[in-house]
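Asks: Read off the chains here:
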Amino acid sequence: MASDPQYPAVTATIEKIGRATASAVEEIGNGGALIFESLYWLVMGRRLRQPVRLPSIFAQMMEIGINAIPIVALMAATIGVMLAIQGIHTLRIFGAETRVTIGIALSITREFAPLITGILVAGRSGSALAARIGTMKINQEIDALYVMGINPVRFLVVPALLSTVVMVPCLTFFSDIVGLFAAGLYVNAELGISMAAYFDEVREILTPDHLMHGLSKSAIFAVLIAVIGVVNGAAVAGGAEGVGRVTTRAVVQSISAIVVTDMIFAFVVTR
Amino acid sequence: MNPNINPDHKLIEVENLVTHYGSRLILKDVSMDVREGEIMVIMGGSGSGKSTLLRHLMALERQTSGTIRILGEDVVRLGTRELVELRMKTGVAFQGGALFSSMTVGENIMLPLYEHTDLDRTTMEIMARMKLEVVNLAGFENLMPSELSGGMIKRAAMARAIVMDPKILFCDEPSAGLDPVVSSALDELILRLRDAMRMSIVVVTHELESVFKIADRVTVLDQGRILFIGTLDELRASPSERIQNLLSRRADDTDLDADAYLTRLTGESVSGTANL
Chain A
1 MASDPQYPAV TATIEKIGRA TASAVEEIGN GGALIFESLY WLVMGRRLRQ
51 PVRLPSIFAQ MMEIGINAIP IVALMAATIG VMLAIQGIHT LRIFGAETRV
101 TIGIALSITR EFAPLITGIL VAGRSGSALA ARIGTMKINQ EIDALYVMGI
151 NPVRFLVVPA LLSTVVMVPC LTFFSDIVGL FAAGLYVNAE LGISMAAYFD
201 EVREILTPDH LMHGLSKSAI FAVLIAVIGV VNGAAVAGGA EGVGRVTTRA
251 VVQSISAIVV TDMIFAFVVT R
Chain X
1 MNPNINPDHK LIEVENLVTH YGSRLILKDV SMDVREGEIM VIMGGSGSGK
51 STLLRHLMAL ERQTSGTIRI LGEDVVRLGT RELVELRMKT GVAFQGGALF
101 SSMTVGENIM LPLYEHTDLD RTTMEIMARM KLEVVNLAGF ENLMPSELSG
151 GMIKRAAMAR AIVMDPKILF CDEPSAGLDP VVSSALDELI LRLRDAMRMS
201 IVVVTHELES VFKIADRVTV LDQGRILFIG TLDELRASPS ERIQNLLSRR
251 ADDTDLDADA YLTRLTGESV SGTANL
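Keeping their order, the protein sequence lines are chains A and X. So that you can map any letter, position 34 of the first sequence is 34 in my numbering, and since no number is skipped, the others follow by simple counting. So that you can map any letter, position 246 of the second sequence is 246 in my numbering, and since no number is skipped, the others follow by simple counting.
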């Protein structure tokens, strides 16, 4: 159409932007509808004789949460040590390196633990969810659920959403502990502050509010990861190539959404 | 005529079905029915609308206009619970099987029982094994779908489709991608299911060998319209050139088809001659 002299390039560009905007709005709408439908099945499932099955929630929790522990521990420890290195380096300029604990404690619990955990779960489980839903759609397994009288949102989405919302904050809390511990080890080695003194200071600095700031943020990240994974998986077109495309898209969108939400959350809650 | 067929009892009734995908007209004023105890084969070329018609019969699509009654119920008017109850009386064997790859064959077959009944696991396992015996897959319940051949996957899908003892079974291209021997065995299985379980079976296929082996009646679709409905004898005796071409596997008037196909794609007539 763009090559049509009656159809100027500007119009084509505007049309392209319009289509992309409409598509984005549609996807956001689908995500919102998915959350409401999931809540509906969670509340009404038993009455409609289609309860959400606990074994399937536990299986997802195992996959999303327990199996992610090693990589979350590694990343949290790395971030903890990195913050300690940078913090000591920066504060040494002012001769205040012994005050590094305050920066470490607040940065890890309020920012880095939820952010890194969210990004890891998005890359690990959000992509897996998009690939799984996409593959099931292409193989007509979603249709098979419908014709068996099994609602796919109740059967596939609710367990994934619920287990992500439970496990991401749990992993974030675990990440808090590992990050603080690893940072403590570095501070102990670099500044000679004992682990007991370090953790006493951490306890003095951290209030439940600081921990809840990070944990509530991580719950929002969990919803974003699950919904973006499902919406992308359900939008698959084409064969295996299509599945690959929606999987990549789900990861990119999840991480972008996490970072933007993090900024908005920090702006609204911290100021 | 098959003595099990009850011509007065129609399990499926389709009246004046019209459906669009976007602006494209896919099914044009389709009316047909399926009687109790019969095997109705829906056939037609690629793009004729047979798969779309099947999706409507399975209540997976909403029509633009017209009525579809399955077991006396207008599917569009059914609420969530009523639709689930209706679905429990129908079974579907998809073209690729659509078995859940994360579950064993036995778990796949037990899934409808697990979701819709209060049976204990032992009873469900016994029922799943019985259905596997019906489709000659006894002993395969602990294998994963990825460990089965194409023909086995289709038979396992049939076992899952009949586990709730449905009144109607839908089969989408049961012979597609299979060698003639396996394909013939599946045809035998469909005939056995009709006779043993007294169910009505709707089969979508383009395999003529299967059509002549299993069909009690045939619906031929062409470019979204019903071209023919009748018995095999009536099909063979049909004076329609299109039907005779279809039966002798000759390509139809290619120019006309291409034009009609473009018409369907664009929603406007290219030459003005694309009529059936």
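Bear in mind the hints are in silico, worked out from the structure with no lab data behind them. Remember, predicted model here, so these are calculated numbers, not experimental data. Mixed in with the good hints, there may be bad ones.
Partial list, derived from the structure: chain A residues whose beta carbon lies under 10 angstroms from chain X [said to hold, decoys possible]:
(1) Ile14
(2) Lys16
(3) Asn139
(4) Glu141
(5) Asp143
(6) Ala144
(7) Asn151
(8) Leu191
(9) Gly192
(10) Ser194
Examples of chain A residues toward chain X, derived with CB under 7 angstroms [claimed, not checked]:
(11) Ala131
(12) Ile138
(13) Gln140
(14) Met148
(15) Val153
(16) Val202
All C-beta atoms, glycine included, are put in the ideal place defined by N, C-alpha and C.
Asks: If a hint holds in the structure, say so; if it doesn't, say that too.
Replies: Going down the list of hints, with the structure as the test:
1. Ile14: Ile14(A) check fails; min Cβ-Cβ to chain X is 22 angstroms, beyond 10 angstroms.
2. Lys16: Since the shortest Cβ distance to chain X is 19 angstroms, the answer is violated.
3. Asn139: holds (6 angstroms)
4. Glu141: holds (5 angstroms)
5. Asp143: holds (6 angstroms)
6. Ala144: Check passed: Cβ of Ala144(A) comes within 4 angstroms of chain X, closer than 10 angstroms.
7. Asn151: It holds, given that the least Cβ distance between Asn151(A) and chain X is near 8 angstroms, below 10 angstroms.
8. Leu191: At about 51 angstroms, which exceeds the 10 angstroms cut-off, the nearest Cβ of chain X leaves the hint on Leu191(A) violated.
9. Gly192: Where the cut-off is 10 angstroms and the nearest Cβ of chain X is about 53 angstroms from Gly192(A), the hint is violated.
10. Ser194: Nearest chain X Cβ about 50 angstroms off; hint violated.
11. Ala131: The hint is violated - Ala131(A) has no Cβ within 7 angstroms of chain X, the shortest such distance being about 12 angstroms.
12. Ile138: Check failed: Cβ of Ile138(A) comes no nearer than 9 angstroms to chain X, outside 7 angstroms.
13. Gln140: Gln140(A) check passes; min Cβ-Cβ to chain X is 4 angstroms, inside 7 angstroms.
14. Met148: Nearest chain X Cβ about 5 angstroms off; hint holds.
15. Val153: violated (12 angstroms)
16. Val202: Where the cut-off is 7 angstroms and the nearest Cβ of chain X is about 43 angstroms from Val202(A), the hint is violated.
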